[in-house]
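Trainee: Listed here are the chains, written in short residue letters.
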Amino acid sequence: MAASSTTAFNARPSGRVSAFWRRLRSGDDIAYVITLTCALTILAITALLVFELYRNSAVSREKFGWSFLFSSTWDPVAGQFGALPFIYGTVVTSALALLIGIPLGVFAAIFLAELAPARISNALTFLIELLAAVPSVIFGVLGIFVLVPMLTAAEPAIRAVLGWTPLFSGPFYGVSIFSAGVVLSVMIIPFIISISREVIMAVPPEQREGALALGATRWETTWDVVIPFAKKGIMGSIFLALARSLGETMAVTMVIGNDPAIHGSLLAPGYSIAAVIANEFTEATGDLYLGALIELGLVLFGLTIVINGLARVLVLSTARKGAG
Amino acid sequence: MTRRTFIANAALAIALTTGVACAQKVPINAGGATFPYPMYSKWFDAYNKKFPNVQINYQSQGSGFGIAQVTAGTVDFGASDGPMNDMQIKEFQDKRGSAILHFPTVMGADVPVYNVPGVTGSINFTPEALAGIFLGKITKWNDPEITKANPGVNLPANNIVVVHRSDGSGTTYIWVDYLCKVSKEWETKVGRGTSVKWPVGLGGKGNEGVSGQVQQTANSIGYVELIYAVQNKMTYGKVKNAAGEFIQASLAGVTAAAAGVKDMPDDFRVSITNAPGKGVYPISSFTWLLIPSKIQDPAKKKAIKDFLAWMLADGQNMTEALSYAQLPKAVIAKELKAIDKIQ
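Residue numbers (this note's numbering), protein chains in the order written: chain A, 1 to 324; chain B, 1001 to 1343.
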């Protein structure tokens, strides 16, 4: 391969090479090469990550095969490993976080970008960006010492309203899938608000002026003209939020209850993929145990791709509907 | 330009000569268990003050890390809260071509902590009660197995919430090792390990996670390290030992557990949970340094052997200040002899 590329290079007319050098000196090609290298770095890191996860999980993959994804047993002593409870916990907590976070985040962003006076908007935006920089362990601690007692106090009210569904049945210990979803939503809202606000503010004023001139009210302008224009960017903020919630470790493990089982109820404890890796990796001994934990990492990677793909398909289909 | 080169060369020469002069400087890499880390870091620091040429760098990343790294040869010695099993020892021999030696350093213990509304004092636990609770078979605080050991204590008819460690840890190993000794059912159903498949309960991360969860959940029970409970002034339960006494964990009770071992094996790989004898606290354990029997570098070998001897003499006097239990005299004598096995 190396030989053929050298011959190809040598076969090129020297005029083209010197032209390349000229452009290189003028800067365009330097910029091209530098940015291309940076972009390729990302590709290389991702590929290396997947390769290493795949290679190091060989023992576990060979032993369990696809059943790893569908088994609910996680028994380090007996050497039986299955990922299903962790997949369930990761997906459900992230879905809950988005369910709470999207409406709150998007509406807050609309208020800040379109409706609030500039002074309030700037002050609040500063606070939100501060919130985005808080380490996740702080959210976890707040979760244990503030949110969990609050949820425990609010439990009768939650049950009175939603207790009829199986999703809110069974005993409640404070730590649960639900608590983890709420903590995650608090963590992702700053991302949604901050990015969505920027995107909404970037909508050209002509769009608004046109709508207002046609007799639309301020809210109609915002909702029917500005938001559809900014939709793609808002979706981008949601993807970023989703990625963060899927991979969140510390805050989740502190409030989820760390119970590798599928109970069905949101008030029951659960476990997430990132949490179990962080919890058990340091003390794991034996190739199979380590392999299973690394395979969980691979599963999380795959899960992120699948969920992001589904979300993109969803966005594309709604976008097309909007256009038609 | 030439002057600068000259200065650089001079500096290099000085560095080289001083480097030769301090050739005895011995940097030693170690890593492993987190439980004894406060003690080890105090020891290594004190030893470095006494012998400035010996510098021991300890990474407290867990017992599993200690075993894996010493086997891979990336650290000079490891440390673990649980002894290496036969398979791990064989792997070490295959990879490194020498034996691995276990040296007990200090001792620790696990204590049951709980949050039962209306109960402020210490609750007595029989081994059957603890095993039953953690197996999920005893589900209420007023179960006869608990009440019969606690006359006069008003235990409520509430459901018990079990809290265990979610992270792999030596603390868990000690707890489940004890449950294995006192309950056949636990041994067959769950077994021993730094992480196990818990029949019931919630997982808290670290001692602080378990104690926080217990404090916030009414009718809960969990387990933490004795040191953690002492330092945070927590109330903890008494456990019935093999001699039939209900013992509140104390450093003396933990040392007694090690002294109770009648025939200490030559490799010190021994579990001292549920040890016989009066005054013994039954949920106690050693923590070990894992030292290869062959150390190539003579300077390192000497430094490690000297440190071990120091740790077994002066070092033992520093343990109580940090709430670790001292080794009993008989164990120290046996270990001093074992140091000669390092070649």
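Any given hint could turn out to be false.
To be verified - SDA-like, lysine to any residue: derived pairs with alpha carbons at most 20 Å apart: (1) 1240/B with 1095/B; (2) 1197/B with 77/A; (3) 1189/B with 170/A; (4) 1197/B with 290/A; (5) 1197/B with 80/A; (6) 1197/B with 84/A; (7) 1189/B with 281/A; (8) 232/A with 203/A; (9) 1181/B with 78/A; (10) 1095/B with 290/A; (11) 1189/B with 1132/B; (12) 1233/B with 1095/B; (13) 1197/B with 281/A; (14) 1197/B with 33/A; (15) 1197/B with 1136/B; (16) 1189/B with 215/A; (17) 1197/B with 79/A; (18) 1095/B with 286/A; (19) 1197/B with 203/A; (20) 1181/B with 1262/B; (21) 1238/B with 80/A; (22) 1189/B with 75/A; (23) 1137/B with 170/A; (24) 1140/B with 170/A; (25) 1095/B with 288/A; (26) 1140/B with 1156/B.
As the list claims (entries may be wrong) - Label-pair restraints from in silico Cβ distances: (27) 1296/B with 38/A: 40 to 48 Å; (28) 1090/B with 158/A: 53 to 61 Å; (29) 1158/B with 111/A: 55 to 63 Å; (30) 302/A with 1262/B: 53 to 61 Å; (31) 44/A with 1231/B: 41 to 49 Å; (32) 155/A with 1231/B: 44 to 52 Å; (33) 47/A with 1262/B: 57 to 65 Å; (34) 45/A with 1095/B: 29 to 37 Å; (35) 1158/B with 158/A: 41 to 49 Å; (36) 1041/B with 302/A: 36 to 44 Å; (37) 47/A with 1309/B: 45 to 53 Å; (38) 1096/B with 46/A: 30 to 38 Å; (39) 1233/B with 122/A: 42 to 50 Å.
Don't read these hints as lab results, they were simulated from the structure.
Ideal Cβ placement from N, Cα and C applies to all residues, glycine included.
Trainee: Indicate, hint by hint, whether the structure satisfies it.
Mentor: Against the structure, the hints come out as follows:
The straight-line distance between the Cα atoms of residue 1240/B and residue 1095/B is roughly 43 Å, outside the 20 Å bound, and the hint therefore fails. Taking the CA atoms of residue 1197/B and residue 77/A, the gap is about 7 Å. The hint holds against a cut of 20 Å. As the CA atoms of residue 1189/B and residue 170/A are separated by approximately 26 Å, the hinted pair breaks the 20 Å bound. For the hint linking residue 1197/B to residue 290/A, the alpha-carbon distance of about 16 Å falls within 20 Å, and the restraint holds.
About 10 Å separates the Cα atoms of residue 1197/B and residue 80/A, which keeps this hinted pair within 20 Å; it holds. For the hint linking residue 1197/B to residue 84/A, the alpha-carbon distance of about 15 Å falls within 20 Å, and the restraint holds. For the proposed pair residue 1189/B and residue 281/A, the alpha carbon gap of about 23 Å is over 20 Å, so the pair is violated. Distance restraint check for residue 232/A and residue 203/A: the Cα-Cα separation of roughly 12 Å lies within the 20 Å cut-off, and the hinted pair is therefore satisfied.
The suggested pairing of residue 1181/B with residue 78/A holds, with an alpha-carbon distance near 18 Å, which does not exceed 20 Å. With a C-alpha separation of about 19 Å, the suggested pair residue 1095/B and residue 290/A falls inside the 20 Å cut-off, and the hint holds. Taking the CA atoms of residue 1189/B and residue 1132/B, the gap is near 13 Å; set against the 20 Å cutoff, the hint holds. Between residue 1233/B and residue 1095/B, the direct Cα distance comes to roughly 46 Å. Violation of the 20 Å bound is thereby established for this hinted pair.
Among the hinted pairs, residue 1197/B with residue 281/A is consistent with the structure: their alpha-carbon atoms are about 15 Å apart, no more than 20 Å. With a C-alpha separation of about 53 Å, the suggested pair residue 1197/B and residue 33/A falls outside the 20 Å cut-off, and the hint is violated. A hinted pair counts as satisfied when its Cα atoms are at most 20 Å apart, and residue 1197/B with residue 1136/B qualifies at roughly 13 Å. A hinted pair counts as satisfied when its Cα atoms are at most 20 Å apart, and residue 1189/B with residue 215/A does not qualify at roughly 73 Å.
Distance restraint check for residue 1197/B and residue 79/A: the Cα-Cα separation of roughly 10 Å lies within the 20 Å cut-off, and the hinted pair is therefore satisfied. A threshold of 20 Å between alpha carbons decides the hint, and for residue 1095/B with residue 286/A the separation of about 15 Å falls inside it, so the pair holds. Under the criterion of a C-alpha separation no larger than 20 Å, the hint pairing residue 1197/B with residue 203/A is inconsistent with the structure, at around 54 Å. With a C-alpha separation of about 17 Å, the suggested pairing of residue 1181/B with residue 1262/B holds against the 20 Å cut-off.
Between residue 1238/B and residue 80/A the CA atoms are separated by roughly 35 Å; this puts the pair beyond 20 Å, and the hint is violated. For the proposed pair residue 1189/B and residue 75/A, the alpha carbon gap of about 11 Å is at most 20 Å, so the pair holds. Under the criterion of a C-alpha separation no larger than 20 Å, the hint pairing residue 1137/B with residue 170/A is consistent with the structure, at around 19 Å. Annotation: proposed proximity of residue 1140/B to residue 170/A holds, straight-line Cα distance about 17 Å (limit 20 Å).
With a CA separation close to 18 Å, the supplied pair residue 1095/B and residue 288/A stays within the 20 Å bound. Taken as a hint, the residue 1140/B and residue 1156/B pair is honoured in the structure, with Cα atoms around 8 Å apart against an allowance of 20 Å. Between residue 1296/B and residue 38/A, the C-beta spacing of about 45 Å keeps the proposed range 40 to 48 Å intact. For residue 1090/B and residue 158/A, the hinted distance range of 53 to 61 Å is satisfied, since their beta carbons lie about 55 Å from each other.
Roughly 46 Å separates the CB atoms of residue 1158/B and residue 111/A, a value that falls outside the hinted 55 to 63 Å. Checked against the given bound of 53 to 61 Å, the beta carbons of residue 302/A and residue 1262/B, roughly 54 Å apart, stay inside it. Distance hint for residue 44/A and residue 1231/B: a CB-CB separation of about 47 Å, consistent with the stated range 41 to 49 Å. With their beta carbons about 33 Å apart, residue 155/A and residue 1231/B fall outside the hinted range of 44 to 52 Å.
Checked against the hint of 57 to 65 Å, the pair residue 47/A and residue 1262/B passes, with Cβ atoms roughly 59 Å apart. Taking 29 to 37 Å as the suggested C-beta distance range, the pair residue 45/A and residue 1095/B conforms, at roughly 31 Å. The hinted range of 41 to 49 Å is not satisfied by residue 1158/B and residue 158/A, whose Cβ atoms lie roughly 21 Å apart. Under the hint 36 to 44 Å, the C-beta atoms of residue 1041/B and residue 302/A, about 41 Å apart, fit the expected range.
Checked against the given bound of 45 to 53 Å, the beta carbons of residue 47/A and residue 1309/B, roughly 52 Å apart, stay inside it. At about 36 Å, the beta-carbon gap between residue 1096/B and residue 46/A stays in the expected band of 30 to 38 Å. Distance hint for residue 1233/B and residue 122/A: a CB-CB separation of about 47 Å, consistent with the stated range 42 to 50 Å.
Consistency with the previously given hints fails for numbers 1, 3, 7, 12, 14, 16, 19, 21, 29, 32, 35, ordered from lowest to highest.
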